[in-house]
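With the sequences and hints as input, model every part of the structure.
Heads up: the sequence shown begins at 46 in our numbering, then just goes up one per residue.
Note that these hints are calculated values from the structure, not bench results. For every residue, glycine included, the Cβ atom is placed at its ideal position computed from N, Cα and C. What you were told as hints is all true, and nothing was included just to trick you.
In silico lysine-lysine, DSSO-like type, Cα no more than 27 angstroms apart, as pairs:
#, residue 1, residue 2
1, K76, K137
2, K76, K165
3, K76, K141
Derived Cβ-Cβ restraints for the label pairs, each shown as a range:
#, residue 1, residue 2, range
4, K90, S70, 52 to 58 angstroms
5, D89, S167, 51 to 57 angstroms
6, G139, W93, 37 to 43 angstroms
7, A159, T85, 22 to 28 angstroms
8, T50, D89, 32 to 38 angstroms
9, T50, S167, 31 to 37 angstroms
10, R162, E135, 44 to 50 angstroms
11, P69, E94, 46 to 52 angstroms
12, K90, T166, 45 to 51 angstroms
13, E61, A159, 16 to 22 angstroms
14, T143, S167, 38 to 44 angstroms
15, E49, G96, 25 to 31 angstroms
16, V144, Q118, 21 to 27 angstroms
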Amino acid sequence: MSGETVITVVGNVVDEQVSLRFTPSGAGVCKFTVASTPRTYNRDKQAWEDGPTLYLPVSVWRQQGENCGETLQRGMRVVVQGRLSQRSYEDKQGVKRTVYEMEADEVAVSLRGATARVSKTSGGGQGRQQYEQAKHQSSREGREDPWASGVPGTQATGGWGGGDEPPF
46 MSGETVITVV GNVVDEQVSL RFTPSGAGVC KFTVASTPRT YNRDKQAWED
96 GPTLYLPVSV WRQQGENCGE TLQRGMRVVV QGRLSQRSYE DKQGVKRTVY
146 EMEADEVAVS LRGATARVSK TSGGGQGRQQ YEQAKHQSSR EGREDPWASG
196 VPGTQATGGW GGGDEPPF
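The following block contains the structure:
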């Protein structure tokens, strides 16, 4: 990662539909755009003012990309950390353009104005097949709490193996 520009962006998902696609080898890639607007306090006007909005396209690969495709929706506040890159091209009218894109290493939903329920995935990166099976199964059965099952001490002992005190 030497020489790469690593940044963290906090903003809102602006896409109506977050894009989840799969490569021919089965690797998932999720693409969405984050809008981040800085706010500053103007002492003269004694009011908060919005600055110019940054719209940044984000790509997330493999299992994390699949998780993003299942989770993210328009308007969600997210924290994204990853590598910023710049790409130049010539459009159809012959005008040279430069775009900035981010390949995410980490994506998190902000809990600043929301709550979340986290479900651990089985991982494995099985791509499209696993995604379709999980989607079909969750729609048939409803979602269960995988964190509550198989944890030692959760049956009739108060959750920590005895009493109300944690084991640390």
